[in-house]
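The whole structure should be built from the sequences, with the hints applied where relevant.
First to last, the sequence lines map onto chains A and B.
Under my numbering, think of the first position of the first sequence as 1, with each following residue one higher.
Under my numbering, think of the first position of the second sequence as 1, with each following residue one higher.
If you are wondering where the hints come from, they were derived from the structure by calculation, not from laboratory data.
None of the values given here were measured: they were computed from a predicted structure.
Check each hint, because a few of them may be wrong.
Capping the alpha-carbon separation at 20 angstroms, the derived lysine to aspartate or glutamate pairs in EDC-like fashion look like this [to be verified]:
(1) Lys233(B) - Glu376(B)
(2) Lys3(A) - Glu24(A)
(3) Lys210(B) - Glu241(B)
(4) Lys210(B) - Asp363(B)
(5) Lys210(B) - Asp174(B)
(6) Lys3(A) - Asp174(B)
(7) Lys3(A) - Asp363(B)
(8) Lys3(A) - Asp257(B)
(9) Lys3(A) - Glu81(A)
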Amino acid sequence: MFKHIEGGDTRARVRLQFDGRPIEARAGDSVALALLQGGCIPFRTTPVSGAPRAPLCLMGVCFECLLEVDGRANVQGCMVEVRDGMQVRRQEGARDAIGGER
Amino acid sequence: MSGSTSTRFDVIIIGAGPAGMAAALTARQLGLHTLLLDEQAAPGGQIYRNVLGVQPAVGTLLGPDYVHGGALAHALADSGVTAWFGALVWDVSAEGVVTGLRDGQSFQVQAPQLIAATGALERASPMPGWTLPGVLNAGAVQIALKASGSIPAGRVVLAGGGPLLLLVACQLLDAGAQVAGIVETSAADNRRQALPHLPAALAAPGYLLKGLRMMWQLRAARVPWFTQASEMKIEGTARAEGVVFSSGGRPRRIAADVVLLHHGVIPNTQLSRLMRAEHVWDEVQLAWHARVDEWGQTSLPGLRVAGDGAGVAGALAAEHCGTLAAIGAAHDLGRLSSVERDRRAGPVRRALSRQLRIRPFLDALYRPPQWINAPEADVIVCRCEEVTAARIREMARLGCQGPNQTKFFSRCGMGPCQGRICGNVVTQILASEIGRPAAEVGAYHIRAPLKPVPIASIVALTEFGHPTETAGVDTHE
Numbered sequence: 001m002f003k004h005i006e007g008g009d010t011r012a013r014v015r016l017q018f019d020g021r022p023i024e025a026r027a028g029d030s031v032a033l034a035l036l037q038g039g040c041i042p043f044r045t046t047p048v049s050g051a052p053r054a055p056l057c058l059m060g061v062c063f064e065c066l067l068e069v070d071g072r073a074n075v076q077g078c079m080v081e082v083r084d085g086m087q088v089r090r091q092e093g094a095r096d097a098i099g100g101e102r
Numbered sequence: 001m002s003g004s005t006s007t008r009f010d011v012i013i014i015g016a017g018p019a020g021m022a023a024a025l026t027a028r029q030l031g032l033h034t035l036l037l038d039e040q041a042a043p044g045g046q047i048y049r050n051v052l053g054v055q056p057a058v059g060t061l062l063g064p065d066y067v068h069g070g071a072l073a074h075a076l077a078d079s080g081v082t083a084w085f086g087a088l089v090w091d092v093s094a095e096g097v098v099t100g101l102r103d104g105q106s107f108q109v110q111a112p113q114l115i116a117a118t119g120a121l122e123r124a125s126p127m128p129g130w131t132l133p134g135v136l137n138a139g140a141v142q143i144a145l146k147a148s149g150s151i152p153a154g155r156v157v158l159a160g161g162g163p164l165l166l167l168v169a170c171q172l173l174d175a176g177a178q179v180a181g182i183v184e185t186s187a188a189d190n191r192r193q194a195l196p197h198l199p200a201a202l203a204a205p206g207y208l209l210k211g212l213r214m215m216w217q218l219r220a221a222r223v224p225w226f227t228q229a230s231e232m233k234i235e236g237t238a239r240a241e242g243v244v245f246s247s248g249g250r251p252r253r254i255a256a257d258v259v260l261l262h263h264g265v266i267p268n269t270q271l272s273r274l275m276r277a278e279h280v281w282d283e284v285q286l287a288w289h290a291r292v293d294e295w296g297q298t299s300l301p302g303l304r305v306a307g308d309g310a311g312v313a314g315a316l317a318a319e320h321c322g323t324l325a326a327i328g329a330a331h332d333l334g335r336l337s338s339v340e341r342d343r344r345a346g347p348v349r350r351a352l353s354r355q356l357r358i359r360p361f362l363d364a365l366y367r368p369p370q371w372i373n374a375p376e377a378d379v380i381v382c383r384c385e386e387v388t389a390a391r392i393r394e395m396a397r398l399g400c401q402g403p404n405q406t407k408f409f410s411r412c413g414m415g416p417c418q419g420r421i422c423g424n425v426v427t428q429i430l431a432s433e434i435g436r437p438a439a440e441v442g443a444y445h446i447r448a449p450l451k452p453v454p455i456a457s458i459v460a461l462t463e464f465g466h467p468t469e470t471a472g473v474d475t476h477e
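Written as structure tokens, this is what we have:
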């Protein structure tokens with residue numbers, strides 16, 4: 001759904017996993033952008049109706065990019081930088097406690 | 001609170017965009033013990049996001065208006081101001097105690113003068129299909145460009161109105177994206193309403209010329225361009241597939257992989273509302289902002305709001321407002337005489353007034369269409385809790401007099417975004433349904449934590465010996 005513009009980007013490559021699928025990202029990118037580049041749509045399904053969702057704002061306001069990151073639920077994907085070996089999972093429906101460990 | 005674990009400053013500035021950076025620089029120059037806090041990893045806010053780290057090619061593409069922010073950010077780095085990045089502020093007390101989370105650690109700091117420079121966020125554009133993956137705010141794409149040199153892949157349609165819509169379209173063209181259409185929603189009457197403000201706008205530095213250049217570029221690129229669009233919806237099942245609307249009396253459809261919505265920006269008032277400062281409903285900008293005096297001072301002694309948070313006026317105006325707020329803070333702290341305060345403020349105020357000349361014209365030209373704030377029955381307004389416009393109107397008919405009652409009975413605005421996205425629209429739907437002005441209908445009460453934080457970090461505050469009141473149920477309007 002997103003791509004890097006051509007040329008001039010010398011940033012290191014970072015590898016993470018989305019639901020077990022390998023995703024290559026650039027160092028410094030947010031998890032949300034890395035997943036948009038990897039076509040990992042949707043990010044989550046809603047607790048109320050199970051509707052698919054993906055980021056709206058990319059600036060920490062909309063909370064549509066909530067993901068499970070390294071075992072922590074309800075992480076705002078747009079506010080977290082990618083790290084090598086990061087394990088990211090789609091959130092299906094509701095989570096137990098906001099920001100809590102699973 | 002106990003002094004041993006807290007750190008005291010003369011002034012704490014929250015938000016490191018143009019207003020916050022300028023405020024911090026001025027406060028430092030005036031000898032104030034200054035702390036600058038921002039949730040992001042680096043200074044710049046959204047407008048100058050990643051300005052210190054941007055790839056050169058992307059900086060060139062974004063142009064001199066963006067690069068200007070680099071000078072501010074460099075000056076800030078050189079100034080010796082204490083700046084904490086990655087610092088999420090989630091509570092501020094009336095005594096000026098600021099509570100936050102940084103690197104997983106809770107912190108509390110205190111100052112007699114606080115400057116909230118929390119900027120703006122994009123106005124919601126509720127319409128059928130706006131919750132589909134692939135529908136983003138236009139500003140989100142600019143952030144992707146600034147932060148990572150990323151652009152949307154496939155066919156991009158931009159819909160709405162405002163300078164940012166055209167700017168993003170031009171930047172996407174420059175970056176090699178496939179712009180499949182621009183769908184402007186501004187009503188036919190907007191131009192007539194804007195005309196009386198044109199003379200003042202002509203005195204504004206360069207803004208109109210920039211606007212014309214953007215239009216020329218988009219025309220030259222032969223981007224399909226529709227105006228006065230209405231009856232808009234986004235089609236798709238698992239993700240956005242196209243935009244359907246009516247323009248020129250005819251139904252239209254443009255296929256799209258990514259749809260970018262934009263109806264201007266509105267002040268981010270979460271912090272000043274948390275603190276119960278007085279707010280006013282702006283009938284021109286159709287949004288709330290804190291009531292401030294010429295030094296950014298709110299109704300609460302010691303709390304100032306600078307920049308777009310006190311009314312949207314753009315990045316350069318925000319910079320001047322930040323400077324004025326810091327000068328005002330220094331005066332209130334007894335560090336600057338009234339004469340010296342006014343001498344320093346003079347040139348800043350003149351520069352600010354030059355920046356403000358364009359606003360009445362832009363506000364009139366790009367006033368959002370009436371239908372965007374009066375969504376059809378089935379449209380989801382509260383995205384978090386999936387509450388429709390029909391449900392909100394039903395609440396009003398059942399006697400809800402304001403957004404806090406609607407929230408209590410329908411969960412509208414109770415999700416993780418805490419009403420940031422829907423609040424403005426809910427106020428307007430209720431105002432229209434109840435038949436009272438938006439100013440009387442009111443806004444959601446904001447409570448700590450300003451953003452969801454782990455329970456453990458709230459518990460950790462007991463270490464500071466400062467009990468913090470957290471969210472509770474309150475049905476009082």
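Here's how the hints hold up against the structure:
1. Lys233(B) - Glu376(B): Holds. Lysine 233(B) to glutamate 376(B) sits at ~11 angstroms (cutoff 20 angstroms).
2. Lys3(A) - Glu24(A): 12 angstroms, holds
3. Lys210(B) - Glu241(B): The hint is violated at about 32 angstroms.
4. Lys210(B) - Asp363(B): 17 angstroms, holds
5. Lys210(B) - Asp174(B): 16 angstroms, holds
6. Lys3(A) - Asp174(B): 14 angstroms, holds
7. Lys3(A) - Asp363(B): Answer violated: lysine 3(A) to aspartate 363(B) is near 34 angstroms, above 20 angstroms.
8. Lys3(A) - Asp257(B): 13 angstroms, holds
9. Lys3(A) - Glu81(A): 17 angstroms, holds
Of the numbered hints listed earlier, those contradicted by the structure are 3, 7.
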